[in-house]
Structures are given as C-alpha cells and as structure tokens.
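> Here is how the chains run, residue by residue.
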Amino acid sequence: MGKSIESIELKQHISFGAVISTIGSILIALGIAWLIALNWSGMPSALKVLILVIATLGAYAGGVLFRIKDYPMIGGSLLVLGALLYTLSIFLIAQTFNLNTSLQSNAWLLLLSIVGILFATYIFDSTPSLVIALAEFLIWISLQYFSFMNIFSSSFSVGILAIIYLAVGVGLYGLTQIHKSLDHKFSNVYRYWSVFYILLLTYILSFQSLLPVLWPSEFELTSGILFFLMGISFFAIILTIIGVSMAVGKNKLSGKEVLSFIGLVLLYVLLISLASLVSGDIYSAYNGSMSEGLWAMWLFDNALFILVILSVIGYGTKYRSTRIVNLAIAFFALDIVTRYIGFIMDFGGQMGFAVMSIIGGIILIAGGWGIEKWRRKLIEKTREN
Amino acid sequence: MDSKDKNKEYLKLGIIALLLLIILGGFLLYVSYPLLSTKKVILATQPVDPFDIIRGQYMTIRYEIGTIQLINGSQVGDEVYVTLLEDATGISRYKSSSLDKPSRDELFIRGKIISMSEDNMRLEYGIEQYFFERNARIEARDMDVEVKLSNKGGSRISRLLKDGQPVNIIYENKTYAS
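First to last, the sequence lines map onto chains Y and Z.
Going letter by letter, the first sequence gives residues 1 to 385 in my numbering.
Going letter by letter, the second sequence gives residues 1001 to 1178 in my numbering.
One chain only, chain Z, in its complex shape:
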C-alpha cells in the first residue's frame, strides 16, 4: 500500500473512532444524566426476590410507589409524575400524583402507566432491575433503593440499602469442584 492509501486508512480510523466515541459518549451521558443530579431519594421496595436473577443476572425490584391510585383521564402509556415526601425514617413515600409535571421545588419521579384496574394503576419508572455479576449472593432481603432524580423526574439506581447501609454483595468463587 502506498503512503497516500495508508494516510487514507488512518483518516478512516480517526473518523470512525470519533464517531463511535460520540455515539457511545452520547449514550453514556444520556443514561447517566440522572446520576449527575444532587437530588437523592430512598424508595421502599415491596418484597424483593433476590433469587430472581435469571435473564442476564439481574434482580427485579418492585417499589411501594409502583402501584398508586388511579388518575382520572389517564390511560396506559401515559407519563405520570409522582410527588414524594420523605418520612421520619428517611424513606421517600407517595404524596400525590399527576399527569402534569410538578414545580421544580417539589421532589418528584416520572413513571409510565403499564396497567390499570378499577381503582389503581401500575407504574414503571425504568429502575425495576438491578444487574449483578455471576455468582452474586445478596445478604439481605427487604432492601431499600437509593435513587437519583433528574430535574425532569428521570431516575437511576445509585445503590441498594439495608437499614440505611449499603448492601454487601458477595461474589462466590465457583470452581469446577464446587
């Protein structure tokens, strides 16, 4: 290959490296945006099954605020804003909900209606799964989840808590003999 063609190849490499970094960087920024926020809440979970680690080793988490009272005029797929109020134990619980975004002064989380019944509706916030590496063993059930919230109500899990302390995840060393 002559030097002109070599330079062309290096230029192509430079372009693709830049493009992929832009795509990956953009994606990284998009998914980590709520984690850049200083707004932090602790959400109570309904019984968490730590053995539900099947698809790609992740745990399904159900939240107390996962099921709320039905809002008139809402339908499946709508975005709902759940305003939170911190209780004496530091857990943020359901205060109210609305189809309209609350003011910035309020603490709120954004969810989507996935099903509705006569009186209630189930919401999904995008934080219903927590991934582990293989051979993970979690010491405790009934965990709380520390979540970071963006200004628009977007959320990301920052860590799992038990009695206010980070949950210790133990990784067992599996060998062929174990």
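Here chain Y stands alone, though its shape is the one from the complex:
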C-alpha cells in the first residue's frame, strides 16, 4: 500500500515537472515567434523563406516524434501543421519574388501544395493530412475552372461547374473503392468527400435562380473548357473502373451498389443536360413569369435532394459512418434554411415576412429538437450495427 502511494506521488511529481517544463518550452517558443513577428517586415526575403521551411520541417519532425512516443493525435496535428506551413511556404516564395497574382498563377501554386501534401499523406499514412489535401483540392478545382473561364473568355455556366463536381465525386468514389479493396483506412475519408461533392452538387441544383444559368442563353463552350472537362471526366471514370473492379474482385463491393451508383450518376447527367431546356438568365426566376418547365425542374430537383439525403443517411448507416450521417443531416438542415429564406424572398411583403418569421421560428425550434433527436437515434443505430 505504502509503495503504491509512493509510486502515485512520484508519478504525479514527474507529471507536474513535465507539465512545468512543457509550459516553459511553449513560452520560449512563443517569445521567439513574437521576436520574429516584430521584425518580420525588416527581414530579408531569404531569411523569411528559411524560417518557414525550417518551421515546416520542424512540424513534420515533431509529428513523427510524437507518433514514436505513442501520441498519435498530437503527432497527427503536427503533421497537419506541417502541411499548412508547407502551403504557406509556397505562397510566401511566390510573394517574395512578386509572382503574378492571376487566378491561374494561384491555381498552379495550390496544385504544387497539394502534390507535396499528398506525398506526406501517403508516406505518413496521415488521415488529417489527407483531409487538408482534399480541402485544398476543392479550392483548386473551383479556382482552375474560373481561371480557364478567364483565359478562354468563356461566359460563366453553372452547368460546367456542376459537371466538374460530378466528375470529382465519381473520381473520389473510385478512390474509395481502390482503398477499400486494399483495406486502407483512407477509404473512409474518400467516401466522405465523394458524398460531400454529390450533396454539394445536388444543393446547387436545388436553386431555382441557378437553373436558368446552368446553360445560359449566350453560353458557348470553348475548346479549352471542353478539354478540361474531358480530362477530368476521363480520369474520374478510369479511377472508378479500376476501383470498382478491384473492390468487386475482392468481394468488398456489391453489384447492387455499383448499379445504384451508376444510376445516380446517369440521373445527374440527364438532369444537368435537361436544364438546357430552361436556359435563360439569372433574372428568369424573378421576373414574375417562371415557365412551367422551370417549376417542374425545380420541384424535381428538390425532391431529388431529399431523396439523395435519405440515401446518404442509409449509405452512412450501412458503412457505420457517423460522419456521413452527420453530413447528410447538416445538408438537410441547410436545405430547410435555404428553402425557408427563398420562400420569404419570393412571397415577400412585410406582413408576410412577420408571419413567416413567427411560423418559421416555431418550425425551426421544433425542427431543431426533432433533427437532433433523429440524428442521435441514427448515430446510435449506426454504432450498434
């Protein structure tokens, strides 16, 4: 008994000492960082770049050390910090040498960042780093589209952006299957992001004001944009074919799921193409004379949105992913809020707004309680499965 009390006291003593030392280290690091920040503007560019590169490598080294000491969460966080510092290094070098600030220039810089982060992700097997890489990829793909629009003097079309997001979603599904067949933990991350792109695409298609500008009246598809689309789509399809073949071959994917996925993709392609029948401009939905075709398309898209959300919930439940279930519910809540605001805007008037606000508030309170209860039930069910 005495020995165990002594050992507890000793442990506490060591822990306390370790804590104090850690605080001391943090203070030193903070002081150094403060000194650097105060003198940043006066520092030569080479020194700034060197500091950032050292910080990047230091973060990665710290991440590795913590992983070795069996602190995987702290190690993972430091690897994320390394990824972010690496991205900052690239942009700082660009700024130091006064590189072009065009959309394309920034897109190239981001692509360079993503390549480096992906290397680190796979070498360290780091899920948080993969999340950073995929987040940067979303920004890059959108930036690249707007850059091409600028370079090829193409007019803006939501339809092209929708096709890009669909292609990326398909590609990510392929990557999910490739990693699932190899029993790699990254399959969960790719699965989450492929679902995210599909939900994002469906959300975009649910806006009645955007449907006429999916394919605006004056839109012309330039060769540059076409090649970009074809390139992304081709790459995505190849990835999916490889992924599905590998997963089906190892009995990790059912034919039913493959057919459902193909059906969903074809439905989206059809929907995006059919939007050309209601092409107009951004004011078409507000000039008081919405065509029947536009109404029908909008109602169908919103019904599809709810159906996709429910399907994603089922998908998340099947793969025991509470994150995917939460994502679907978040988009559901977003849909409710968006439709509510749209309803107020379209059927406006101050009296109407007042009444709608009260009714809407009651619905939201009740809905918020209901959604939370529903979410917890689903998560519980997912965990039980």
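Hints are not guaranteed to be accurate.
[Unchecked claim] With a cut-off of at most 25 Å between alpha-carbon atoms, the simulated DSS-like pairs for lysine-lysine come out as follows:
#1 1039(Z) with 1152(Z)
#2 185(Y) with 1004(Z)
#3 69(Y) with 185(Y)
#4 69(Y) with 1006(Z)
#5 1101(Z) with 1112(Z)
#6 69(Y) with 1008(Z)
#7 1004(Z) with 69(Y)
#8 1112(Z) with 1152(Z)
[Claimed, not checked] Okay, the calculated bits of chain Y under chain Z, using three or more residues with CB under 8 Å as the criterion:
#9 43–56
#10 61–68
#11 98–110
#12 120–133
#13 318–332
If you are wondering where the hints come from, they were derived from the structure by calculation, not from laboratory data.
Backbone N, C-alpha and C fix where the C-beta goes; we use that ideal spot for every residue, glycine too.
Following the hints, complete the assembly by docking chain Z onto the known chain Y.
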C-alpha cells in the same frame, strides 16, 4: 513502438523532408532564375498608384511597354518578344516587337498578349505586382522598376527606383492607440 518501427518513422521523415526540399527548392530555382542573370534593365512605369495595395498588400504596376503596336497575325494568349533600347537616362524603352525570339545579342523581354484593339495590344510580363508587408508607406510616385532578364526573356523585379535611387519603403508601427 519498437526500434524497427521507430527507424521506419525516421526513414519516412527523411524521405518527406527530401521530397519537400526538392519541390520547394525546384520552385525557388524556377522563380528566381531570371534574378541569377546579369542582364539588368530599368523600365519606365505609367502612373503607379501606391494606394492600390488591396489584395494581399501588393501594388499594381503598369509599364510603358505594357501597350505596344499590334503585330499582324497575333492573337490573345500569344507570346511576344519586345526588344528594348536604353536611352540617355538609362531607361530601357520599346524598340521593336516580334512573335519570334530575337537573337541573344539583343536585349529583350517576353510578354503575353492579354487584350487587343484596332491598333494596339496590351501585354503582361509577369512583373505587374510588387508585394509589401503591412503598413507600408512609399515615399514617391512615378517610380521606375529595375528588372532582371533571363536569356529567354523571362523577368523578375529586383528593386523599385526613383531618380535612379532605390525607393525607401517605410513601415509604420501601428498600435491599438494609433
């Protein structure tokens, strides 16, 4: 973690450190390549607005050679080589332009056509921005820009000049009370 796994982790760290240094080093070399050149020119600017420091604290610079005569057969996106001639004041001005690269003996800068009108075309050389730190205050307008040129006509800004002297950039110390 056993020693084998630890060694594996250190090896991974070594690999990624090398890879990132190669990527960053390669990128650094690519962007600084013109600065390694000994070819230096001073370009005149059209009125520079030192208060155009908005996006990420940078200044937009328009050059005298930014707008030149139209070249027959050219289109937006084409690369254009502008041959320069130094005047009595040391400023390098427009001499001629071509879609073909001039000989190495000539002093030239490479640009890209961004827009065209009936008689003229606007070029971009990649040196139209100069970054500052926050709270920068520049003493003078109507600056000239010293640029280094590579053998292929690539360019990078090396410094800003006013009357032949480097421009003094003052950084104001902003506090919560200022």
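> Which earlier hints can't be squared with this structure?
When the structure is compared with the hints, only number 13 turns out to be violated.
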